[in-house]
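Trainee: Listed here are the chains, written in short residue letters.
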Amino acid sequence: MEQREPIIRLTNLGKEFKTANGTVKALEDINLDIYAGEIFGIIGLSGAGKSTLVRCINYLEAPTSGDVVFEGTSLKSLGRAGINQARKSMGMIFQQFNLLSQRNVLRNVCFPMELQKTPKDEAVKRARELLEMVGLSDRENAYPAQLSGGQKQRVAIARALATNPKVLLCDEATSALDPNTTKAILQLLKEINRKLGVTVIVITHEMGVIEAICDRVAIIDKSHIAEVGAVSEIFSDPKSAIGRQLIMGDTVHTDFGDSKLVRIIFDGRASNEPVLSNLILACKVPVNIMYAATKDVNGTALGQMIIQLPKDEGEEKRVLNYLATAGIPYEEVTRDDF
Amino acid sequence: MIFDSATVNMLIEGIGETLYMVFLSSALSYLIGIPLGIILVVTDKDGIRPLPIVQGLLGLAINLLRAVPFIILLIMVIPITKALVGTLVGAKAIVPPLVIAAAPYIARMVESSFKEVDAGVIEAAKSMGASTFQIVWKVLLPEAKPSLLVGAAISITTILGYSAMAGFVGGGGLGAIAINHGYYRYEAGLMFVTAAILVIIVQIIQEVMMRLSRATDRRIR
Numbered sequence: 001m002e003q004r005e006p007i008i009r010l011t012n013l014g015k016e017f018k019t020a021n022g023t024v025k026a027l028e029d030i031n032l033d034i035y036a037g038e039i040f041g042i043i044g045l046s047g048a049g050k051s052t053l054v055r056c057i058n059y060l061e062a063p064t065s066g067d068v069v070f071e072g073t074s075l076k077s078l079g080r081a082g083i084n085q086a087r088k089s090m091g092m093i094f095q096q097f098n099l100l101s102q103r104n105v106l107r108n109v110c111f112p113m114e115l116q117k118t119p120k121d122e123a124v125k126r127a128r129e130l131l132e133m134v135g136l137s138d139r140e141n142a143y144p145a146q147l148s149g150g151q152k153q154r155v156a157i158a159r160a161l162a163t164n165p166k167v168l169l170c171d172e173a174t175s176a177l178d179p180n181t182t183k184a185i186l187q188l189l190k191e192i193n194r195k196l197g198v199t200v201i202v203i204t205h206e207m208g209v210i211e212a213i214c215d216r217v218a219i220i221d222k223s224h225i226a227e228v229g230a231v232s233e234i235f236s237d238p239k240s241a242i243g244r245q246l247i248m249g250d251t252v253h254t255d256f257g258d259s260k261l262v263r264i265i266f267d268g269r270a271s272n273e274p275v276l277s278n279l280i281l282a283c284k285v286p287v288n289i290m291y292a293a294t295k296d297v298n299g300t301a302l303g304q305m306i307i308q309l310p311k312d313e314g315e316e317k318r319v320l321n322y323l324a325t326a327g328i329p330y331e332e333v334t335r336d337d338f
Numbered sequence: 001m002i003f004d005s006a007t008v009n010m011l012i013e014g015i016g017e018t019l020y021m022v023f024l025s026s027a028l029s030y031l032i033g034i035p036l037g038i039i040l041v042v043t044d045k046d047g048i049r050p051l052p053i054v055q056g057l058l059g060l061a062i063n064l065l066r067a068v069p070f071i072i073l074l075i076m077v078i079p080i081t082k083a084l085v086g087t088l089v090g091a092k093a094i095v096p097p098l099v100i101a102a103a104p105y106i107a108r109m110v111e112s113s114f115k116e117v118d119a120g121v122i123e124a125a126k127s128m129g130a131s132t133f134q135i136v137w138k139v140l141l142p143e144a145k146p147s148l149l150v151g152a153a154i155s156i157t158t159i160l161g162y163s164a165m166a167g168f169v170g171g172g173g174l175g176a177i178a179i180n181h182g183y184y185r186y187e188a189g190l191m192f193v194t195a196a197i198l199v200i201i202v203q204i205i206q207e208v209m210m211r212l213s214r215a216t217d218r219r220i221r
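Listed in order, the protein sequences are those of chains A and B.
The numbering used here puts the first residue of the first sequence at 1, with every later residue one more than the last.
The numbering used here puts the first residue of the second sequence at 1, with every later residue one more than the last.
Worth flagging that the hints you see were computed from the coordinates, not collected in a lab.
Warning: the hint list may mix true and false statements.
Selected chain B positions facing chain A (in silico; Cβ < 7 Å) [to be verified]: (1) Gly-120; (2) Ala-124; (3) Lys-126; (4) Ser-127; (5) Met-128; (6) Ala-130; (7) Gln-134; (8) Pro-142; (9) Glu-143; (10) Val-169; (11) Ala-215; (12) Arg-218; (13) Arg-219.
Lysine to any residue pairs mimicking SDA-like chemistry, simulated, CA-CA at most 20 Å apart [said to hold, decoys possible]: (14) A:Lys-88 with B:Lys-138; (15) B:Lys-45 with A:Thr-64; (16) A:Lys-117 with B:Leu-141; (17) A:Lys-25 with A:Ala-62; (18) A:Lys-222 with A:Lys-239; (19) B:Lys-45 with A:Glu-16; (20) A:Lys-117 with B:Phe-168; (21) B:Lys-138 with A:Asp-121; (22) B:Lys-145 with A:Ser-101; (23) B:Lys-138 with A:Leu-60; (24) A:Lys-18 with B:Ile-72; (25) A:Lys-284 with A:Tyr-322; (26) A:Lys-18 with B:Asp-44; (27) A:Lys-117 with B:Trp-137; (28) A:Lys-117 with B:Ser-131; (29) B:Lys-138 with A:Gln-85; (30) A:Lys-88 with B:Ser-131; (31) B:Lys-138 with A:Val-124; (32) A:Lys-88 with B:Gly-120.
Glycine included, each C-beta is placed from N, C-alpha and C at the ideal position.
Full structure from sequences and hints, please.
Mentor: Here's what the structure looks like:
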């Protein structure tokens, strides 16, 4: 990658919360560079610190150590007014949309411009353009209570873009939406990124979101960054345990004990065959399915399944022989692989 | 039960005095109570500008005033009343104690209305670079409006109840009629009539404020 200045740089960022039960470290030693124009994902399980991290970027939470550098300016060095100024260059959308319930759609989108004292007619004109872009021109007089979740998030996106921010922070923006709406909202975010060149930072606990739109991803686990890289790299070869867990999902660990695990790989051909049923019928042994998934990768259905073989060595051999003769790609894996 | 015209006139005058006391005191109490409520919410430890000492002291002062029973407060503030309105008799004399008793009550009502405002909406305003003043003026007040109106219905009827105690210390209004005629002169009929009029006034205030709250609340429909 060419050398460029990051639009946002986090250096040794840490955040501690003082609670009744002592100090809790929400973030520790976070170093990240986010570049202008990219869609950057931050993924982690709940409680990993990702929401705190995104709030540190616009100083909704002031970090207790380290610094946030936005376009070359250290936010730490800015006072309240300076922070408010910087926030106007960083739009933010939320899981619960956070629209003003007593304002209609148009006035919600005008709100950030009102805060900046933009002349009213100018604000209304800009708001209408944005509503057009998010596909809600016909709902400008509706109130949030009359909108669906997806529509609310579209209004929130229009509102966040009203002041022409350079960065759009998305905090679990699709987590309250159904799968179809999620897809549409992600598509919209991608479009905004492409058309307006806005840097998008996506916080999520769903790998699907990262997969769908992100260029690069940081995996955050227990207050630390576990790994950072291009989405394609992390997907094909997650280095951290948490990375493997997020990509494979939660696996159920009810097993037969410590017998052998085998990963069966379905290519386009094998996924049309009832591989597992055939195997069980042919070998007359039970197998335990530990994990199974198919993913649409560039149009072909690829999948993998991890099965646990019977403890008995003879039975184990029979299964492996069957897989080999049937020409089904497989490999032996260990428990640490997922 | 038929009253002579003197009694009817007295009742009409009583209604006028009661409404005057209640609405003037409510207006003044809100003028003081809303800013106090805002300070309570804004300076709260989870507020927009946490100032625990200010919050603590203000909260204490409010609790102290609220702990004093109104009938005792009426007597305790006599010097203040005298200094402010120059008399201790009639409807006017009851306004200062009513405001002193109601303003802290209203401050708490306003505080609780503001606390109902979704913290996420406030966070969103912050993320847009809103100043504290802008958050109060453009987020807290408009978002809390329906709840503030419901609170006002409760507060105004409470003030109406307090105002009826004025009769014991020479104040005016329906309460004074009920006490002077019904209690001291055993005119039970008159006492029930004044009570009935008070009930009707409470009903009207309650109904008007609730309708206003519902009609202006954009969360329902």
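Trainee: Would you mind marking each hint as holding or not holding in the structure?
Mentor: Evaluated hints:
1. Gly-120: 4 Å, holds
2. Ala-124: 4 Å, holds
3. Lys-126: Interface hint status for Lys-126 of chain B: holds (6 Å vs cutoff 7 Å).
4. Ser-127: Constraint on Ser-127 of chain B satisfied, holds at 4 Å.
5. Met-128: Hint on Met-128 of chain B: holds, closest Cβ of chain A at ~4 Å, below 7 Å.
6. Ala-130: 5 Å, holds
7. Gln-134: For Gln-134 of chain B, the interface hint holds, since the closest Cβ of chain A sits about 6 Å away, which is under 7 Å.
8. Pro-142: 5 Å, holds
9. Glu-143: 6 Å, holds
10. Val-169: 42 Å, violated
11. Ala-215: 13 Å, violated
12. Arg-218: Result: holds, 4 Å to nearest chain A Cβ.
13. Arg-219: 5 Å, holds
14. A:Lys-88 with B:Lys-138: 17 Å, holds
15. B:Lys-45 with A:Thr-64: With a Cα-Cα distance of about 18 Å, the restraint between Lys-45 of chain B and Thr-64 of chain A holds, given a limit of 20 Å.
16. A:Lys-117 with B:Leu-141: 19 Å, holds
17. A:Lys-25 with A:Ala-62: Holds, at about 13 Å.
18. A:Lys-222 with A:Lys-239: 16 Å, holds
19. B:Lys-45 with A:Glu-16: 17 Å, holds
20. A:Lys-117 with B:Phe-168: Answer violated: Lys-117 of chain A to Phe-168 of chain B is near 54 Å, above 20 Å.
21. B:Lys-138 with A:Asp-121: 19 Å, holds
22. B:Lys-145 with A:Ser-101: Holds: Lys-145 of chain B and Ser-101 of chain A sit about 11 Å apart, inside 20 Å.
23. B:Lys-138 with A:Leu-60: 19 Å, holds
24. A:Lys-18 with B:Ile-72: 44 Å, violated
25. A:Lys-284 with A:Tyr-322: 11 Å, holds
26. A:Lys-18 with B:Asp-44: Holds, at roughly 16 Å.
27. A:Lys-117 with B:Trp-137: Holds. Lys-117 of chain A to Trp-137 of chain B sits at ~14 Å (cutoff 20 Å).
28. A:Lys-117 with B:Ser-131: 12 Å, holds
29. B:Lys-138 with A:Gln-85: Judged against 20 Å, a Cα distance of about 18 Å means the pair holds.
30. A:Lys-88 with B:Ser-131: Measuring from Cα to Cα gives roughly 12 Å; hence the hint holds.
31. B:Lys-138 with A:Val-124: With a Cα-Cα distance of about 17 Å, the restraint between Lys-138 of chain B and Val-124 of chain A holds, given a limit of 20 Å.
32. A:Lys-88 with B:Gly-120: Between Lys-88 of chain A and Gly-120 of chain B the Cα gap is close to 18 Å, so the pair holds against 20 Å.
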